[in-house]
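Could you put together the complete structure from these sequences and hints?
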Amino acid sequence: MSTENPVRIAELSCGVEYSGIQKEIESAVKQVNAVMVYPEVDIADIEAIEEEFGLKVASPDLKLMMARAKSIVTGRVHVDAVFVATCFRCAEAAIVRSEIRRYIHEKAGIPVISYSFTERTTAGTLLTRMEALTTTARRKSLLAREKQSGLTAGIDSGSTTTKAVVMKDNKIIGKGWVPTIKVIESAEEAYTNALKEAGVARSEIQALGTTGYGRFLIGEHFKADLVQEEITVNSKGAVYLADKQKGTATVLDIGGMDNKAISVIDGIPGMFTMGGICAGASGRFLEMTAKRLGVSITELGALAVKGKASNVKMNSYCIVFGIQSLVNSLAAGSAPEDVAAAACHSVAEQLFEQQLQEIDVKEPVIMCGGTALIEGLPKAMEELLKVKVIVPENAQYIGAVGAALLVSGFISK
Amino acid sequence: MKVFIYPTNSLILSDLVERFGHEPLAVMQEVGKKVRTQSLDSPPMNITPEDPKLGLKYAAVEVPSGVRGRMSLFDPLISNAEAAIIVRDPVVSFGCMGCARTNELVNFLIRAKKIPLLELDYPATEDEAKEFVYKISQFLKNLTAEGKK
Numbered sequence: 001m002s003t004e005n006p007v008r009i010a011e012l013s014c015g016v017e018y019s020g021i022q023k024e025i026e027s028a029v030k031q032v033n034a035v036m037v038y039p040e041v042d043i044a045d046i047e048a049i050e051e052e053f054g055l056k057v058a059s060p061d062l063k064l065m066m067a068r069a070k071s072i073v074t075g076r077v078h079v080d081a082v083f084v085a086t087c088f089r090c091a092e093a094a095i096v097r098s099e100i101r102r103y104i105h106e107k108a109g110i111p112v113i114s115y116s117f118t119e120r121t122t123a124g125t126l127l128t129r130m131e132a133l134t135t136t137a138r139r140k141s142l143l144a145r146e147k148q149s150g151l152t153a154g155i156d157s158g159s160t161t162t163k164a165v166v167m168k169d170n171k172i173i174g175k176g177w178v179p180t181i182k183v184i185e186s187a188e189e190a191y192t193n194a195l196k197e198a199g200v201a202r203s204e205i206q207a208l209g210t211t212g213y214g215r216f217l218i219g220e221h222f223k224a225d226l227v228q229e230e231i232t233v234n235s236k237g238a239v240y241l242a243d244k245q246k247g248t249a250t251v252l253d254i255g256g257m258d259n260k261a262i263s264v265i266d267g268i269p270g271m272f273t274m275g276g277i278c279a280g281a282s283g284r285f286l287e288m289t290a291k292r293l294g295v296s297i298t299e300l301g302a303l304a305v306k307g308k309a310s311n312v313k314m315n316s317y318c319i320v321f322g323i324q325s326l327v328n329s330l331a332a333g334s335a336p337e338d339v340a341a342a343a344c345h346s347v348a349e350q351l352f353e354q355q356l357q358e359i360d361v362k363e364p365v366i367m368c369g370g371t372a373l374i375e376g377l378p379k380a381m382e383e384l385l386k387v388k389v390i391v392p393e394n395a396q397y398i399g400a401v402g403a404a405l406l407v408s409g410f411i412s413k
Numbered sequence: 001m002k003v004f005i006y007p008t009n010s011l012i013l014s015d016l017v018e019r020f021g022h023e024p025l026a027v028m029q030e031v032g033k034k035v036r037t038q039s040l041d042s043p044p045m046n047i048t049p050e051d052p053k054l055g056l057k058y059a060a061v062e063v064p065s066g067v068r069g070r071m072s073l074f075d076p077l078i079s080n081a082e083a084a085i086i087v088r089d090p091v092v093s094f095g096c097m098g099c100a101r102t103n104e105l106v107n108f109l110i111r112a113k114k115i116p117l118l119e120l121d122y123p124a125t126e127d128e129a130k131e132f133v134y135k136i137s138q139f140l141k142n143l144t145a146e147g148k149k
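First to last, the protein sequences are chains D and S.
The first sequence begins at 1 in the working numbering and counts up by one.
The second sequence begins at 1 in the working numbering and counts up by one.
No wet-lab data here; the hints were simulated from the structure.
Note that beta-carbon positions come from the ideal geometry of N, C-alpha and C, so glycine has one too.
Any given hint could turn out to be false.
Stated by the list, open to error - Facing chain D, a subset of chain S residues (Cβ under 10 Å, in silico):
1. Leu16
2. Phe20
3. Ser42
4. Met45
5. Asn46
6. Lys53
7. Ile78
8. Arg101
9. Asn107
10. Asn142
11. Ala145
Said to hold, decoys possible - The list that follows gives simulated cross-link-like pairs (lysine-lysine, BS3-like), each with its CA atoms no further than 27 Å apart:
12. Lys30(D) with Lys196(D)
13. Lys23(D) with Lys114(S)
14. Lys53(S) with Lys23(D)
15. Lys56(D) with Lys182(D)
16. Lys23(D) with Lys113(S)
17. Lys175(D) with Lys147(D)
18. Lys147(D) with Lys107(D)
19. Lys57(S) with Lys23(D)
20. Lys308(D) with Lys386(D)
21. Lys30(D) with Lys34(S)
Unchecked claim - Now the stretches of chain S that chain D is said to cover, found in silico as 3 or more residues with beta-carbon under 8 Å:
22. 61-75
23. 88-99
Next comes the structure, spelled out in structure tokens:
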């Protein structure tokens, strides 16, 4: 049982109680030792808010959301973080959600996450997001760490691959990267490889951090000092690897199962989204594309760079329809390099359309994770964003590096 | 008669309907039924993820879950309505209906039922308020007279 004070998260929402998911939100919040707070407002506040906020809306619950946001910004209620949630597919709510997120982040400087839900949203889906929100609010001093010290290790148990690094005095001295088959066995293999390359024994490691989907399981197995979700860890890993620790940055990580888009200030996440509904925008789609084109995933990027995405029509949200477009275009005689480029463009476009509207994209844009090494993908993202996208060295180890860096703060304890 | 009211949580409308001997169909009754069931599975209103699926009776799956969940709650009110009073553009304190899209759909369905219907604007002045109450009372009295026939 945690002895820390619970983090106070304000819930600004429309439709959650009618979608039957309030219980799921409460459950996720409880698991991260936080409490939901519903800022009190007067009827007069609700009646005046459209004029004050400058946004006229038809739904009273959205007016209530705006009035509650104002209550936070003016300091009438004290909260550590804010969760803004509205129904998936509601256009009016999407506009309000986005403006409230920006308003609170700019005026109150507290972490905000926005989320669009359906009745299928579960506590499990929300857990990583809530964990990141509370970590950002609770552990600012830990997240402020910019240098790794001592001899530490990080393991990132991802949905597709498991990565491990060993770091010593702010340098990576060992790496391991294996496909995730059985979570613990794959972590053991990646960690062993990293230790072997570093030339150190497991017993010499002063502190170990775990992250990724399998973080809890491997954290328990390795008796990790830090078990942390991938939003905060990846933010830290990305700005460290790109050497952009100060100021603003945007971190993009297209994962095997979901994508993260994180707006970072001084290495700490401010706004972030985590997508995971449509597989057509995932690393898995690129993996399937490579397989269908008869190349390895490591060759797909180079092939895509040679092709022209506009020669092939491919922009499906769904992985099945995406592959169907791919098969059809090949059957129609499209060149494999054009198809590879179109697949990269399709994934980048969906990240752009679905997630980058939920955060403020500020330069530098850092692309990380294994998919960043598929050269066609950062190139497609650059074309869409019209900014230079940085892919740092060791981009695939972002999570493991972030974990090894953050956990070095635990050595002296 | 069973009289649907909009806003469906308006205590003033509910009270007026009752005073003239009719049964108000208000959302409070439906929420009450949900929270007084044996177990409270999904606070605060005990609406579970199954409810938005029941709302598919009125709106397709691409309609937001919040709309469909609300529609499942309003379903008995719409189905049982024998007459209706709809107040246009009420202030929040008169009765607050959270979602504009749901409100449009609910009002449309009531109009489509072709039952005795009184639609009037929320009053802005004291004189309009007196006229407002008068029109509602006349409507409810006429319902009583029709009922007796």
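Exercise. What are the numbers of the hints the structure violates, in ascending order?
Worked result: Violated hints: 1, 2, 7, 9, 10, 11, 12, 13, 15, 16, 18; rest satisfied.
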